[in-house]
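Colleague: Here's the letter readout for the chains.
Protein chains: 2
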Amino acid sequence: MESVVVAGVGMTEFGRFPGRTPASLAQEAVRAALVDAGVDPKAVQAAFCGTVFAGPGAGQRALKDLGLVGLPIVNVENACASSSSAVMEGSAWIRAGMAEVVLCVGVESLTRNAGALGPDEDDLFGSMGVVWPAVYGLKARRHMTEYGITAEQLALVAVKNRRHAALNPRAQFRTPITVEEVLASRPICEPLTLLQCCPPSDGASAIVLMTEERARRADTGGRPMVRLAGSAMRSGRFADQAEKGENVTVLTARLAYERAGVGPGDVDACEVHDAFTIGEILHYEALGFCEAGEGGRYVETGKSGLGGGGVVVNPGGGLLSRGHPLGATGGAQLAELTWQLRGEAGDRQVAGARVAVAHTMGGTVYELESNVCAVHVLTV
Amino acid sequence: MESVVVAGVGMTEFGRFPGRTPASLAQEAVRAALVDAGVDPKAVQAAFCGTVFAGPGAGQRALKDLGLVGLPIVNVENACASSSSAVMEGSAWIRAGMAEVVLCVGVESLTRNAGALGPDEDDLFGSMGVVWPAVYGLKARRHMTEYGITAEQLALVAVKNRRHAALNPRAQFRTPITVEEVLASRPICEPLTLLQCCPPSDGASAIVLMTEERARRADTGGRPMVRLAGSAMRSGRFADQAEKGENVTVLTARLAYERAGVGPGDVDACEVHDAFTIGEILHYEALGFCEAGEGGRYVETGKSGLGGGGVVVNPGGGLLSRGHPLGATGGAQLAELTWQLRGEAGDRQVAGARVAVAHTMGGTVYELESNVCAVHVLTV
Numbered sequence: 001m002e003s004v005v006v007a008g009v010g011m012t013e014f015g016r017f018p019g020r021t022p023a024s025l026a027q028e029a030v031r032a033a034l035v036d037a038g039v040d041p042k043a044v045q046a047a048f049c050g051t052v053f054a055g056p057g058a059g060q061r062a063l064k065d066l067g068l069v070g071l072p073i074v075n076v077e078n079a080c081a082s083s084s085s086a087v088m089e090g091s092a093w094i095r096a097g098m099a100e101v102v103l104c105v106g107v108e109s110l111t112r113n114a115g116a117l118g119p120d121e122d123d124l125f126g127s128m129g130v131v132w133p134a135v136y137g138l139k140a141r142r143h144m145t146e147y148g149i150t151a152e153q154l155a156l157v158a159v160k161n162r163r164h165a166a167l168n169p170r171a172q173f174r175t176p177i178t179v180e181e182v183l184a185s186r187p188i189c190e191p192l193t194l195l196q197c198c199p200p201s202d203g204a205s206a207i208v209l210m211t212e213e214r215a216r217r218a219d220t221g222g223r224p225m226v227r228l229a230g231s232a233m234r235s236g237r238f239a240d241q242a243e244k245g246e247n248v249t250v251l252t253a254r255l256a257y258e259r260a261g262v263g264p265g266d267v268d269a270c271e272v273h274d275a276f277t278i279g280e281i282l283h284y285e286a287l288g289f290c291e292a293g294e295g296g297r298y299v300e301t302g303k304s305g306l307g308g309g310g311v312v313v314n315p316g317g318g319l320l321s322r323g324h325p326l327g328a329t330g331g332a333q334l335a336e337l338t339w340q341l342r343g344e345a346g347d348r349q350v351a352g353a354r355v356a357v358a359h360t361m362g363g364t365v366y367e368l369e370s371n372v373c374a375v376h377v378l379t380v
Numbered sequence: 001m002e003s004v005v006v007a008g009v010g011m012t013e014f015g016r017f018p019g020r021t022p023a024s025l026a027q028e029a030v031r032a033a034l035v036d037a038g039v040d041p042k043a044v045q046a047a048f049c050g051t052v053f054a055g056p057g058a059g060q061r062a063l064k065d066l067g068l069v070g071l072p073i074v075n076v077e078n079a080c081a082s083s084s085s086a087v088m089e090g091s092a093w094i095r096a097g098m099a100e101v102v103l104c105v106g107v108e109s110l111t112r113n114a115g116a117l118g119p120d121e122d123d124l125f126g127s128m129g130v131v132w133p134a135v136y137g138l139k140a141r142r143h144m145t146e147y148g149i150t151a152e153q154l155a156l157v158a159v160k161n162r163r164h165a166a167l168n169p170r171a172q173f174r175t176p177i178t179v180e181e182v183l184a185s186r187p188i189c190e191p192l193t194l195l196q197c198c199p200p201s202d203g204a205s206a207i208v209l210m211t212e213e214r215a216r217r218a219d220t221g222g223r224p225m226v227r228l229a230g231s232a233m234r235s236g237r238f239a240d241q242a243e244k245g246e247n248v249t250v251l252t253a254r255l256a257y258e259r260a261g262v263g264p265g266d267v268d269a270c271e272v273h274d275a276f277t278i279g280e281i282l283h284y285e286a287l288g289f290c291e292a293g294e295g296g297r298y299v300e301t302g303k304s305g306l307g308g309g310g311v312v313v314n315p316g317g318g319l320l321s322r323g324h325p326l327g328a329t330g331g332a333q334l335a336e337l338t339w340q341l342r343g344e345a346g347d348r349q350v351a352g353a354r355v356a357v358a359h360t361m362g363g364t365v366y367e368l369e370s371n372v373c374a375v376h377v378l379t380v
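Chain order of the listed sequences is U and F. The numbering of the first sequence is our numbering, which starts it at 1 and goes up by one. The numbering of the second sequence is our numbering, which starts it at 1 and goes up by one.
To be clear, the hints were calculated from the coordinates, so they are not data collected in a lab. Just so you know, not all the hints are guaranteed correct.
Treat identical chains as interchangeable: a pair holds within one or across any two.
Capping the alpha-carbon separation at 25 Å, the derived lysine to aspartate or glutamate pairs in DMTMM-like fashion look like this [claimed, not checked]:
(1) K42 <-> E369
(2) K42 <-> E258
(3) K42 <-> E246
(4) K303 <-> E181
(5) K42 <-> E28
(6) K303 <-> D268
(7) K303 <-> E152
(8) K42 <-> D65
(9) K303 <-> E146
(10) K303 <-> D347
(11) K303 <-> E180
(12) K303 <-> D266
Just so it is clear, the structure is predicted and the values come from calculations on it, not from any experiment.
The shape of chain U in the complex, shown without the other chains:
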């Protein structure tokens, strides 16, 4: 099976850009990724575009103006894991020998496509109010009951990710915040407050994947080669550890670690799906960075922050502060981790990072049993 290399990455700033089409956002990210990979658009042999709401033909519409015509282009939708899934498809084509250079794009404009976010006619849960903030609120409450996580510990996730985002010029929110401000912000779904919920965002990300052989021929100025060392995707139950049932993150990460030949103790930097503060806590536990129930203490002792001595989680600011343009998020995670592994992350560099993990979840509330989880392990 072909080894897969992350040869180039790019992303737009995330934020609210009412004047920009999804195509324009995607084009900016793609241009950056192609330049970063040192390849001409003509070198791209297949492209995959992850988006939820940018509409039919989003990839074709974005790529044609860059001269990307004549190649296979496939649009991929997997909720918040859409661009993580696009990367999975791109890596499958490379591993199958169907292409040597593939482009994976992620794009979303929730400003322009916000109307699409409401519950549909089949969504009994949504129509009763059991939407994502409610689900995460219930999970937070359960963690409090089972393990005693405190409101302050939850808030610290938002504070830490904002501290990281303040060092990331592409993040949507860059002004540092305090625990007091987080707790005093508008209640959304108790115990979660506004600053504990990810924002609606617009933005795009792009990843160029290559065979190792092809990547060796590219001129990358001697920078380290980042490998997509292990990837896994599963559908399953978005459970927390307390529920003892199948937890889709535990099972997916186990596969990805195994494929990459690493374990949780090897991970230096990780981007997790912190759509809400409690999400990050649950994922610390599911990814094996700490024991079940210890997530609150993990953030409180500073271990998941830059320079904290543990796994640095969401060095780019996470969904909470970098922003969450659904289809673009997975690619943005991989872009951030690629910069980290190359030592190009500037003020938010995780010192000596060699192994990094990107984790996304996706799905609809009424399909909690079949949420998508995608985990990619990158190494240098």
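Fit chain F to the supplied structure of chain U, relying on the hints for placement.
Modeller: What follows is chain F alone, placed relative to chain U:
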């Protein structure tokens, strides 16, 4: 590279089913395909769901009630080529060694999601009235001017495909029609009349792909093994031969034929994208069944009809008469051709069929330069 086998196929009847959800349609097709493949749902290691308008998480929503949880599920959108693209992704996973048994589903309910069909705010062409019927009408007019195709020859495509559909219990329209009826039906975009345009439809299709090694172990009662012998996908210009430019069908078919080691002269049966009668004519020419400009005579001499001595085109009735539930169409083509190659097509059997081609186009009018074309070559 792993050889890929079409191990099981299934589809619903196509038609208007206002009372059925996309999930219910997909489930019916999937159950049929799994039974046909002789495998339990638990054997499926990855699934791909092609749909345009069934909404986020369509695959996950449909598959969970069949116990298909815990596997990777990816939703794929490529306009009318969505399920052809899902099959491409499934075959990539098999060729990459990432799965031995994959399920590719296609589903659409245009009855329930018809609102989604209007032009969007970026669609300058659509808002001016240059929608698909208009584009095909112009192409028909051009073919008349360049090559002298007649209105009667165009109408014969609809008559032939209805004759085939009359033999297909899963087709939406099964009452035979005459050239006079076709020409007398309501004008849509001159010279195209109503009966020369595919209908909006609901339905689903499913295809089970396996490695050859795994397929050999399945109990198939000694029926012939159908191979996905060559597949290709490209974006590009939906041009006709007269335009002399890049024609996406010509280029895609060339690749697929080459990969399968066959040529147009080897093809016994073919399902092409006859969204409008002129489409089928243009595709005869682009796929190499006749010379440029000879498509009208090809249908007039009966060569593309059952028992006509040429390549039997759209033995299942085509988009025109089997119906066109966008995301389900590509899979339905592959189901039909699999039945043909196994000799299971009943009254519409193409005698001695050994090589078959499925062809879909997809895209938005304002992206004529980056239409998707997918061609799959099946052999026994």
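Colleague: All the hints need checking, so say for each whether the structure fits it.
Modeller: Against the structure, the hints come out as follows:
no.	hint	verdict
1	K42 <-> E369	between (42 Å within a copy, 16 Å between copies)
2	K42 <-> E258	between (35 Å within a copy, 22 Å between copies)
3	K42 <-> E246	between (44 Å within a copy, 16 Å between copies)
4	K303 <-> E181	within (22 Å within a copy, 76 Å between copies)
5	K42 <-> E28	within (17 Å within a copy, 42 Å between copies)
6	K303 <-> D268	within (11 Å within a copy, 66 Å between copies)
7	K303 <-> E152	within (16 Å within a copy, 76 Å between copies)
8	K42 <-> D65	within (13 Å within a copy, 43 Å between copies)
9	K303 <-> E146	within (22 Å within a copy, 73 Å between copies)
10	K303 <-> D347	within (18 Å within a copy, 70 Å between copies)
11	K303 <-> E180	within (21 Å within a copy, 79 Å between copies)
12	K303 <-> D266	within (15 Å within a copy, 65 Å between copies)
Consistency with the previously given hints is maintained throughout, with no hint failing.
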